[in-house]
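Chemist: Protein sequences appear in the order of chains A and B.
The working numbering applies: residue 14 is where the first sequence begins, and numbers increase by one.
The working numbering applies: residue 18 is where the second sequence begins, and numbers increase by one.
In case anyone wonders, no lab produced these hints; they're calculated from the structure.
Just so you know, not all the hints are guaranteed correct.
[What the hints assert, rightly or not] Here chain A is said to cover these stretches of chain B; the calculated rule only asks that three of the stretch's residues, wherever they fall, bring their Cβ under 8 Å from a Cβ of chain A:
#1 94-103
#2 120-126
[What the hints assert, rightly or not] Restraint-style ranges between C-beta atoms, simulated for each label pair:
#3 B/S90 - A/N43: 26 to 32 Å
#4 B/I43 - A/S22: 28 to 34 Å
#5 B/T118 - A/T85: 18 to 24 Å
#6 B/R128 - A/G42: 37 to 43 Å
What you are looking at is a predicted structure, and each value in this text was computed from that prediction instead of being measured.
We put the CB at the ideal spot given by N, CA and C, even for glycine.
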Amino acid sequence: DAKTTQPTSMDCAEGRAANLPCNHSTISGNEYVYWYRQIHSQGPQYIIHGLKNNETNEMASLIITEDRKSSTLILPHATLRDTAVYYCIVRGGNAGNNRKLIWGLGTSLAVNP
Amino acid sequence: DTGVSQDPRHKITKRGQNVTFRCDPISEHNRLYWYRQTLGQGPEFLTYFQNEAQLEKSRLLSDRFSAERPKGSFSTLEIQRTEQGDSAMYLCASSLSPPSTGTQYFGPGTRLTVL
Numbered sequence: 014d015a016k017t018t019q020p021t022s023m024d025c026a027e028g029r030a031a032n033l034p035c036n037h038s039t040i041s042g043n044e045y046v047y048w049y050r051q052i053h054s055q056g057p058q059y060i061i062h063g064l065k066n067n068e069t070n071e072m073a074s075l076i077i078t079e080d081r082k083s084s085t086l087i088l089p090h091a092t093l094r095d096t097a098v099y100y101c102i103v104r105g106g107n108a109g110n111n112r113k114l115i116w117g118l119g120t121s122l123a124v125n126p
Numbered sequence: 018d019t020g021v022s023q024d025p026r027h028k029i030t031k032r033g034q035n036v037t038f039r040c041d042p043i044s045e046h047n048r049l050y051w052y053r054q055t056l057g058q059g060p061e062f063l064t065y066f067q068n069e070a071q072l073e074k075s076r077l078l079s080d081r082f083s084a085e086r087p088k089g090s091f092s093t094l095e096i097q098r099t100e101q102g103d104s105a106m107y108l109c110a111s112s113l114s115p116p117s118t119g120t121q122y123f124g125p126g127t128r129l130t131v132l
């Protein structure tokens, strides 16, 4: 599975949009981009995933560049409860025996009042 | 709540003791994963089940570790003769098989402290 690169930490003001970048320059055609977050001492929480097109759900939007080598997770109106470590993971399709997730260190997002 | 559940949430044990953790996946999910996470690191894959079959084990899973999923529903992870290096958060996740994209949903984790 492809490797991802994320900034170690970011800050965001409460109520503003948080834009979290991720580079995945070696991504291959059948690999999805997944985002999870982990609030301190809790299990990871699934946020969103995408293949080629931009995606939006009730939590966030995912913007994937046309060449698919990078993506941005957007939290449109960050709140204090969005303070967490955000992980960007590239993973192959679900066919095949094992689609384990390979995690990096993520981006520690601090939302400030 | 129909999410992934794990029990216990916290476990403190003395070095050399055996511990067992339980994971109950989302009911219709036939894939189940175990991960381990140490402080400041991302989760690391340990092992994976499809139904009751254990299909892959990481090199991290030493002989002291064993996982089972006897009826393809809940799973247990046992650590024998615990060592201080086993102190970590143990995470369980579940997902559907193809044709689903296989998004993994995680439980709250079991935090193990070995004294």
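Chemist: Honestly, which of those hints from before does the structure not fit?
Modeler: Hint 1 alone not satisfied by this model.
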